[in-house]
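Asks: Please construct the entire structure, taking both the sequences and the accompanying hints into account.
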Amino acid sequence: MSRKLLLILILVTSLGISNAGAQTGITVETNFDLFEQGQMVMVTGNAEEKSVAIKVKDPNGVSILVRLITADSDGNFELEFRISQTATSGDYQVIVSTVIDNIPVISTATFEVVGKTDKVTPAEQAAEEKRRVAVSSQQQHSVLRWRHRSSS
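Those letters in the sequence shown? Residues 12 to 163, by this note's numbering.
What the hints contain is simulated information worked out from the structure, not anything from laboratory work. Some clues are possibly wrong.
Listed next, the in silico BS3-like pairs over lysine-lysine satisfying Cα-Cα at most 27 Å (straight line) [what the hints assert, rightly or not]:
| hint | residue 1 | residue 2 |
| --- | --- | --- |
| 1 | K127 | K66 |
| 2 | K68 | K127 |
| 3 | K127 | K141 |
Across the chosen pairs, the derived CB separations fall in these ranges [as the list claims (entries may be wrong)]:
| hint | residue 1 | residue 2 | range |
| --- | --- | --- | --- |
| 4 | E91 | G126 | 17 to 23 Å |
| 5 | R93 | R142 | 20 to 26 Å |
| 6 | G72 | F92 | 15 to 21 Å |
| 7 | I114 | G49 | 16 to 22 Å |
| 8 | P133 | G36 | 32 to 38 Å |
| 9 | A138 | E59 | 31 to 37 Å |
| 10 | K141 | V77 | 19 to 25 Å |
| 11 | E140 | D112 | 32 to 38 Å |
| 12 | M51 | D85 | 21 to 27 Å |
| 13 | S100 | I80 | 34 to 40 Å |
| 14 | E135 | N71 | 24 to 30 Å |
| 15 | A134 | K61 | 36 to 42 Å |
Predicted model only: the values in this text are computed from it and were never measured. By construction, the Cβ of each residue, glycine as well, lies at the ideal position given by its N, Cα and C atoms.
Replies: Shown next as structure tokens:
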């Protein structure tokens, strides 16, 4: 059964069906937007369903990673992988898909890989992490305000 689901999800992501993740309950992000060859990438997200297919494509559109993972009881999932030392520089796409109520749902995230000669400095990564935390904090604050208003 899981092999069949994986094949369906891979087919769906290959067809380029539009990103409905924002409206229907699947999210994905990476721990940074910029990576150096050889670094670890953490893909995290949340889905309404337990089985989640993750595909990573390089700048040429070639799939470099395909995994079927299981979300935890809260729908959270994560996958960690190392970027190849010889990875092509450019923008990579993370495509996460699942099936909700018999409808394929896809969400995407992108990150950039730079060559070791381009060097991502610790200060650049720290600044990126600080920006992510600020955005995440603003989003959480908005959700709390919305929850507070709806419970009043």
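Asks: Each hint needs a verdict: does it hold in this structure or not?
Replies: So, going through the hints one by one against the coordinates:
1. K127 x K66: holds (24 Å)
2. K68 x K127: Holds, because 20 Å separates the two Cα atoms, which is no more than 27 Å.
3. K127 x K141: Holds - the C-alpha atoms of K141 and K127 are around 23 Å apart, at most 27 Å.
4. E91 x G126: 17 to 23 Å: 22 Å Cβ-Cβ, so the 17 to 23 Å window holds.
5. R93 x R142: 20 to 26 Å: Taking Cβ atoms as reference, R93 and R142 lie about 24 Å apart, which means the hint holds.
6. G72 x F92: 15 to 21 Å: Roughly 18 Å apart at Cβ, these two residues keep to the hinted range, so it holds.
7. I114 x G49: 16 to 22 Å: Violated: the Cβ-Cβ distance is about 38 Å, outside 16 to 22 Å.
8. P133 x G36: 32 to 38 Å: holds (36 Å)
9. A138 x E59: 31 to 37 Å: With Cβ atoms ~33 Å apart, the hint holds.
10. K141 x V77: 19 to 25 Å: This hint is violated: roughly 32 Å between Cβ atoms.
11. E140 x D112: 32 to 38 Å: holds (36 Å)
12. M51 x D85: 21 to 27 Å: At roughly 24 Å between Cβ atoms, D85 and M51 fall inside 21 to 27 Å, so the hint holds.
13. S100 x I80: 34 to 40 Å: violated (27 Å)
14. E135 x N71: 24 to 30 Å: With a Cβ separation near 25 Å, E135 and N71 satisfy 24 to 30 Å, so the hint holds.
15. A134 x K61: 36 to 42 Å: With Cβ atoms ~39 Å apart, the hint holds.
Checked against the numbered hints above, the structure violates hints 7, 10, 13; every other hint is satisfied.
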